[in-house]
Structure formats: structure tokens, C-alpha cells
Amino acid sequence: MTARRREGVPRAGLADREGFLAWAMLLPSVVYIVALVGVPFLLAVAFAFSDVTTGDPSYDFVGLRNFTAVFDDGVFWRSLGNTLLFTTSAMVLIVVFGKILANILVADFRGKWLVRFLVLLPWTTPVALSTISWLWFLDSIYSPVDWVLRRLGLIEGNVVWLGDPGTAMLSVVLVQTWRLTPLAAVIVMAGLVAIPRDLDEAARIDGAGFWRRMLEVTIPLTLPVIAVAALFGAIMTFTDMTVSYVLTRGGPTHATDVLASWAYFRGIEGGDVGQGAAIALFLFPILLAGAIAILRAVRRLEAQ
Amino acid sequence: MNETEALRRRYARRHVAARVGVYGAAVLAALVCALPFLWSLVSAFKQNRDLYNPESNPFAFNEPATPDHVRFLLTDTPFLTFVGNTLLVGAAVVALTLLMSLPAAYSLARLNRPWGTPMGIAIFLVYLVPPSLLFLSLTRVVVSLGLEDTLWSMIVVYPTITVPVSVWLLIGFLKAVPKDVEEQAMVDGHSRLGAFARAVLPLVFPGIVAVVVFTFTLTASEFVYALAFVSSSPKMVVSTGVPTQLIRGDVFFWQSLQAAAVVTAMPIAFLFNLFLDRFVTGFTMGAVKT
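Sequences listed follow chains A and B, in order.
Taken in order, the first sequence gives residues 0 to 303; the numbers are from numbering that gives the first Met the number 0.
Taken in order, the second sequence gives residues 0 to 289; the numbers are from numbering that gives the first Met the number 0.
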């Protein structure tokens, strides 16, 4: 193509040289990302090996001291465990509900516009605001959830959702699921829309019922997007501190502390930037491993 | 004859059952997702003695409704300033994001460099570096640039979140444009760059709109950076301003908080819903299937 054009109109300005253009168009993004993600990332790594605190910002190399201090702290292991529990359970729920929701949203029915609008609300509301709404929803005295349960005769008094380690974790997971399910649904919808109509119809003519079509046509064909939805859900949950920060402040007694929130409490509220950075650094390798695993799964599925 | 009749009846029954199932599921989904907002909407207009009574129905007005708390939000708190700041930051971030991600996505999607795919994946992986890991060091960067407590701090840093996702989405939209479009434009005498600007961009306009809405949503919900960079209330955005200014110690201005949540949520969800279909197609076109 390039050759043909060169023969026709001799015009090889910079705006035509693909090799140059490719770099020039990519450069702003790359420079920006290196400056504001790459450099701060290295800085965070450097902080993790230093004794920087908010009170004393001078840099002294202290080797692995922050890491040994972090490892010796039971709260770190607790929050690591909480992060894994929080992420896996929220991710599974997000994918399952996201898939169901996507199937509802692609169906034809009256009032679809309104339903979609209502369904999108949890995702489009700023996290901090929707979590505050939930804070009242799970209030120890005035909780509307408790009011309904009381009316149904299931409980007497109050559950105190955020006061007990088990129900606090359950609440954090459910709020996170509620918040991210619409996004997962939108992503899965993308896959559902792309399924050729005749495939589904062929299966229908062959007499396959709803569940067989679901299990043998829809789900296998949408597995790549489901994997992408799982990836988004996992990343956003794994790195999220807002829900547990606003809802429980990591409590009761660290039962809902996750790595991100614990790093924040240590690094900003505790003032120990070095330790905060050391804790936060743990997010990255786990994330990377998870992401690579999912990206590879997507590729393998596509190759088939 | 009899058999076909029975078969038809069976199909008709099955059809009715399926319709009922769809409507039931849709209503249930809408309720589960929107119930907290419905309740927020009701309680925003409640009187204190109605709200702070554990026995009163939380979904209905047990005392006459009052607009006082909504008025308080609009006139006695800087809420409208927060809204203005959010819009300003959002618009600037959207502009910066498009300026950087459109050319980058075109380069990766169309200019067939051998490093195209690994670079695309690398940019996507940047999205995995979470704010919770970077905010400690980025706060230092922001301070050394002299941007703390300004809207600029957010405008400069937020594209780190939005650019990687936008590039990823735009690659999908760009790949869906047939190659002939550029070739025709180049035959007509445009340069490669001119072909991109005049022939390709108009075709991906719907995709760009979807990216704009998505970017704005991400910007408006961001919490960690906004909390770390800005501490004076006239410069705050909705996501940090509302929690910090409407919760004073242990005193929660509950009705006003609920009103703020509803007022913020509705327009964003409305916009997102308008462009949902475009967004959905954007995900299918190449982004996933390459």
C-alpha cells in the first residue's frame, strides 16, 4: 500500500512516514505514563526501603527493616487474608450476578430504558457517596434492613451488621458486589451482543431448551468477556479501600482491614510512609500474577 | 392435527412463562440495584423525628415531608461548589485523556509496528497499578510541583487512571473501521495523519462519546487521590467534599448526605445509559477479540 502511494504521488512528509508517526502519536501517552506512574512507582519502592515518615521526610536507606516490621505484625497477615477473601468472594459474586444481569438487560421488554437506568445507578454513583448510603442502611439502630427483618419476624432488636467480624466482612463483600455488578454486566453484555443470532436459533431449532443453550452455546462463547469482567472485578476489588474505609474503617479489630486500607492507615494516618509503602507494594505482584493468568486464559480461549 | 395443536399450546405456554420470567427478573434486578437510592430519595425529605425513630417505616413518610435538608445542602453547604469543581476537573481530564489516548490508540491499532501488541498490553497493565499504591509518592510529586490544594492536582494526575482504559477501548473502536476508509482518503490526497483526522475520527465519533462518558464516570468517583491531594473545602470535588463536609466528627447530616448521593448519581447514570449501547459495542469490537 505504501509502495503504491509513493509511486503515484511523491510525497513523503513526516505526516506520512508510518514508522515516525507510530512513535510520535504514542509518545505523549508514554511520556505521561512514565512520568506520573513509572516515576512514582519507583519512588514508592524507594520509600519502602526508607525511614521516611510524614514528620521527617528526609530519606535514609534502611534495607529490609520495614518489611521485617510488616511481617512481624499480625495485622498485616490478617489484612492479606482479608484481601484474598474479599477479592475472591466479591469477584465470584460479581461475575455470577453480572452474567445474570447481562442476560436480563439484553432481553426485550417494555420499560427497558428505566430498568437499565436503575441498574446502572450503583456503578455510576461515586463510591464514597453510595457507601455512605449503605452506612445508614446498615446502621446499628436505624437500619432499614433490620426494620424489614423485624417486620418479617426474623430477628428481634438489631443485627448490628458492622459490629460483628463475620457480618462486617459479609457487608463489605455485598456492598462491593452491589457496586461493581453493573459494570460486569455491561462487559458481559458486550459478549452476548456479539454472539451470532443464527447460532442461538440453530440450537433452538434443534430443540435445545433455555438451560442447554445457556450452558452449551452462550457461556462457552462469552467466556472471554466473562474473564475480562472477572479481571475488572478482581482488580477493582483487590485495590479498593474505599468501601472498607468508609463502612467499617477496617474494624471491628481489623476484621475488614484489607492491604490497601491498612497501607493507608499505616502510611497516612500513622505517618509511617516507609511501612505504608512496603504494605502497598504487596498489591502489585499479586495483581500482576492474577492479570497475566486471566489474560492468558483469554488468549487460549480465543485460539480455540 | 391434534398433535400440532398440543405442540402449539405447549409453545404458547412456554412463551408466556418466558415473558413473565423476563419481567420478573427485570423488576427484581432494578429493585436490588436501586433500592438504596429509592430509600435515599425518601429519607432526604424526612423530618428528623421521623428518620430517627427505629419503629417508623423507612420507605414511607410517617410525618409530613420537608424540603429543609435539601435546601440546607444547596444553600448552607459548599455542595454546588463541589459540583462545579467536579464538572471542571471532569471536563479537563476528559480533554487531556482524549488528546493523549486517541493518537496512541491509532498508533497501536493501525500503524502495524512489531511492538504494537506488547505496547498495548503494557499500557493496559499500567491500569493495574492502583491509586492505593501510588498516592503516597504522588502526594510528594504534587507537593513538589506546587499543586497541592488545587484543582490542577487532580487534573494532572487523573489521566493516569483514564488514559490506559481509554486507549484500550479506543483500539477496539478503531479496529472496527475498515482500512479502505484511510486508503481512500490518502488516494484523495490526504496524508496519513490527515486521513486519521478527517476520515477515521468522524467514524469513531460514537466510540469517542462512549469513552468520554466512561472517563467522566471514573473521574467523578475517584476518592483516594482527591482525599490525599486536596484538603481545603473550596477546592474539593463531590466525592470527597460531601463525606468530609457533611460529616462533622460523629454528626452525620443524614438527609442532606442522602440528597447529595441522589443528586450526583442520577445525571451520571442518565448520561451513561444514553451511551450504553455504544459502550457495549466498543467492548466487542476488537478490544476483546484480538
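Source of the hints: derived by calculation from the structure; they are not laboratory data.
Cβ coordinates follow ideal geometry from the N, Cα and C atoms, glycine included.
Any given hint could be a false lead.
[Stated by the list, open to error] Some chain A residues close to chain B (C-beta under 7 Å, calculated; not the full set):
#1 M24
#2 A43
#3 R248
#4 A276
#5 I285
#6 L286
#7 A288
[What the hints assert, rightly or not] Below, a sample of chain B positions facing chain A; criterion: calculated Cβ distance under 7 Å:
#8 Y10
#9 A11
#10 V21
#11 G23
#12 A28
#13 A29
#14 V41
#15 F44
#16 Q46
#17 A103
#18 Y105
#19 L110
#20 P113
#21 I154
#22 T216
#23 V250
Outcome of the hint check:
This hint holds: M24/A has a C-beta 4 Å from the nearest C-beta of chain B, less than the 7 Å allowed. Satisfaction of the interface hint for A43/A is found here, the shortest Cβ-Cβ separation to chain B being roughly 5 Å, below the 7 Å cut-off. A distance limit of 7 Å between C-beta atoms decides the matter here; for R248/A the minimum to chain B is near 12 Å, and the interface restraint is violated. Of the supplied interface hints, the one on A276/A holds, with its beta-carbon coming within about 6 Å of a beta-carbon of chain B, less than 7 Å.
Evaluation of the I285/A hint against chain B yields a violated restraint, the C-beta minimum of about 10 Å exceeding 7 Å. The restraint placing L286/A at the interface with chain B holds, with a minimum CB-CB distance near 5 Å, inside the 7 Å limit. The beta carbon of A288/A is not positioned within 7 Å of any beta carbon in chain B (closest approach about 11 Å), and the interface hint is therefore violated. The beta carbon of Y10/B is not positioned within 7 Å of any beta carbon in chain A (closest approach about 11 Å), and the interface hint is therefore violated.
Of the supplied interface hints, the one on A11/B is violated, with its beta-carbon coming no nearer than about 16 Å to a beta-carbon of chain A, more than 7 Å. Taking 7 Å as the C-beta cut-off, the interface hint given for V21/B holds, the closest approach to chain A being about 5 Å. About 10 Å separates the beta-carbon of G23/B from the nearest beta-carbon of chain A, more than 7 Å, and the hint is not met. A hinted interface residue such as A28/B counts as satisfied when its beta carbon comes closer than 7 Å to some beta carbon of chain A; here the least separation is about 5 Å, so the hint holds.
Taken as an interface hint, A29/B checks out: its beta carbon lies about 4 Å from the nearest beta carbon of chain A, inside 7 Å. With a cut of 7 Å, the hint placing V41/B at the interface with chain A is violated, because the nearest CB-to-CB distance is about 10 Å. The restraint placing F44/B at the interface with chain A is violated, with a minimum CB-CB distance near 15 Å, outside the 7 Å limit. Proximity of Q46/B to chain A is violated relative to the hint, the smallest CB-CB distance being about 14 Å (cut-off 7 Å).
The closest approach between the C-beta of A103/B and any C-beta of chain A is roughly 4 Å, which is under the 7 Å cut-off, so the hint is satisfied. Taking 7 Å as the C-beta cut-off, the interface hint given for Y105/B holds, the closest approach to chain A being about 6 Å. About 4 Å separates the beta-carbon of L110/B from the nearest beta-carbon of chain A, less than 7 Å, and the hint is met. Annotation: P113/B was flagged as interfacial toward chain A, and the flag is violated, the nearest CB pair being 10 Å apart, outside 7 Å.
With its C-beta approaching chain A no nearer than about 12 Å, I154/B sits outside the 7 Å limit, and its interface hint is violated. The interface hint given for T216/B holds, since its Cβ lies 6 Å from the closest Cβ of chain A, which is under the 7 Å cut-off. Annotation: interface hint on V250/B violated; nearest CB of chain A at approximately 14 Å, more than 7 Å.
Violated hints, listed in ascending order, are 3, 5, 7, 8, 9, 11, 14, 15, 16, 20, 21, 23; each of the other numbered hints is respected by the structure.
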